[in-house]
Structure formats: structure tokens, C-alpha cells
Amino acid sequence: MPKAQSEAKVPPTRRSEDLNKERFTFVMCSLVGHRVQVQMKSNTVIEGIFVSCNPQSASEKEFGIHLEQARELPSAHRPSSDIFPEVMIPGKDFVALTAHDVPTTFSDHEAKKKKIEGFLTDTEIRERKGKPGVHRELVPWTADGDHAPPHAKHGVSLTLEDVN
1 MPKAQSEAKV PPTRRSEDLN KERFTFVMCS LVGHRVQVQM KSNTVIEGIF
51 VSCNPQSASE KEFGIHLEQA RELPSAHRPS SDIFPEVMIP GKDFVALTAH
101 DVPTTFSDHE AKKKKIEGFL TDTEIRERKG KPGVHRELVP WTADGDHAPP
151 HAKHGVSLTL EDVN
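Residue numbering for the sequence shown follows the numbering used here, beginning at 1 and increasing consecutively.
It should be emphasised that the hints constitute simulated quantities derived from the structure, not laboratory data.
Note that beta-carbon positions come from the ideal geometry of N, C-alpha and C, so glycine has one too.
Misleading hints may appear alongside valid ones.
[Claimed, not checked] Distance condition first, Cα-Cα at most 30 Å in a straight line; then the derived DSSO-like pairs of lysine-lysine:
1. K92 with K41
2. K21 with K92
3. K41 with K21
[Unchecked claim] The following label-pair restraints were derived from C-beta to C-beta distances:
4. L138 with D18: 45 to 51 Å
5. E137 with R23: 23 to 29 Å
6. G33 with D82: 21 to 27 Å
7. E137 with F63: 35 to 41 Å
8. S81 with E22: 20 to 26 Å
9. E86 with F26: 20 to 26 Å
10. L138 with A76: 33 to 39 Å
11. H100 with M40: 15 to 21 Å
12. N54 with H77: 26 to 32 Å
13. F26 with D93: 31 to 37 Å
14. T25 with H77: 22 to 28 Å
I would like the entire structure built from these sequences, with the hints used as guidance.
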């Protein structure tokens with residue numbers, strides 16, 4: 001009788017619980033710096049920048065997440081809340097965490113960086129280079145040559161100052 005195909009065996013030091021914990025940690029690390037939405041048990045949604053997570057372990061009593069620049073999103077009953085610099089949300093208080101367009105490998109991250117070329121909006125610049133909550137001074141755009149707006153080519157000024 002032929003020998004049955006042997007299944008791949010995991011070394012005793014690497015149980016599936018450890019692998020799942022490693023996978024969870026990888027996903028949580030991938031979220032750092034990305035905008036997330038947290039669905040609370042009270043049906044409110046909090047949006048903010050994911051900063052860290054406190055995984056439940058023997059030394060830590062409870063799982064939780066840490067957001068910066070967080071706010072409660074508007075609902076049918078109330079407007080959006082003020083922005084809070086930091087928010088700690090215990091795991092027992094939320095039911096879901098959602099994030100979009102999060103690269104899960106280094107090559108995905110590099111491809112996303114290379115994809116963004118050319119003209120960037122203020123929002124895109126802020127997401128790439130800015131620190132949440134820190135204001136930066138905007139510099140006015142001045143056109144030259146072929147990129148000048150139509151009114152500039154004909155000597156028309158669009159300033160708000162009185163011309164004498």
C-alpha cells in the first residue's frame with residue numbers, strides 16, 4: 001500500500017494561534033497613518049488617522065485602538081463633531097474598523113507612490129507629506145508661459161484691490 005501523502009507540519013514553536021496573531025499584527029501595522037472609520041456599538045462612526053493598536057495580551061487587559069485627528073461623522077440626527085487631537089477607543093466599544101486603499105505589501109506601497117505623479121491637489125499633498133492637524137502655509141501658484149490662465153494673457157487683473 002502506498003504511503004499516504006504527508007501534510008505539512010508546523011514546528012511546535014509556531015502554532016496557528018501565533019500565526020494568526022502575527023497576521024493580525026501585520027494588518028494593524030499596515031493601517032498606521034491611514035484614515036480609518038470605526039463603527040461603534042452605539043451606531044455612530046468615528047473617523048480618524050490610525051496611530052496604534054493595543055493588542056490584548058497577558059499583560060494588557062483589553063484590546064484598543066488609538067486615533068489622531070478623530071471626529072464623529074455626521075448622521076441624520078446630528079452634525080459632525082469637533083476634531084479631537086487624540087482618541088483611545090476600547091475594543092469593547094466598537095464593532096468594525098474600515099480602511100480603504102491600504103497597501104499590504106512593500107511593492108504595493110512603492111507602486112502607489114510612483115502612481116502619484118504630476119499635479120497634486122492640496123489634499124493629496126497633505127496626505128503624502130503633511131502631519132495631521134499641523135497647518136502649513138500655502139504658496140500661491142503663479143503661471144508662466146503656456147500655463148498662464150486666459151485672463152493673464154490679455155492683461156486682465158483679477159485682484160480685489162482698487163485700481164486708481
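Hint check:
1. For the given pair, K92 sits about 9 Å from K41 by alpha-carbon distance, which is consistent with the 30 Å threshold.
2. Between K21 and K92 the CA atoms are separated by roughly 19 Å; this keeps the pair inside 30 Å, and the hint holds.
3. For the proposed pair K41 and K21, the alpha carbon gap of about 24 Å is at most 30 Å, so the pair holds.
4. Here the CB-CB span from L138 to D18 is close to 49 Å, well matched to the stated 45 to 51 Å.
5. The beta-carbon spacing between E137 and R23, approximately 42 Å, falls outside the hinted interval of 23 to 29 Å.
6. Taking the beta carbon of each, G33 and D82 are about 22 Å apart, inside 21 to 27 Å as hinted.
7. In this structure the hint that E137 and F63 lie 35 to 41 Å apart at CB holds, the actual value being about 40 Å.
8. Under the hint 20 to 26 Å, the C-beta atoms of S81 and E22, about 36 Å apart, miss the expected range.
9. Restraint check, E86 to F26: a C-beta distance of roughly 24 Å satisfies the suggested window 20 to 26 Å.
10. Evaluation of the 33 to 39 Å hint for L138 and A76 yields a pass: the beta carbon distance comes to about 35 Å.
11. Separation of H100 from M40 is about 19 Å and conforms to the stated range, judged on CB atoms against 15 to 21 Å.
12. Under the hint 26 to 32 Å, the C-beta atoms of N54 and H77, about 31 Å apart, fit the expected range.
13. Between F26 and D93 the beta carbons are some 24 Å apart, a value that contradicts the proposed interval 31 to 37 Å.
14. Between T25 and H77 the beta carbon distance is about 37 Å. The supplied range of 22 to 28 Å is therefore violated.
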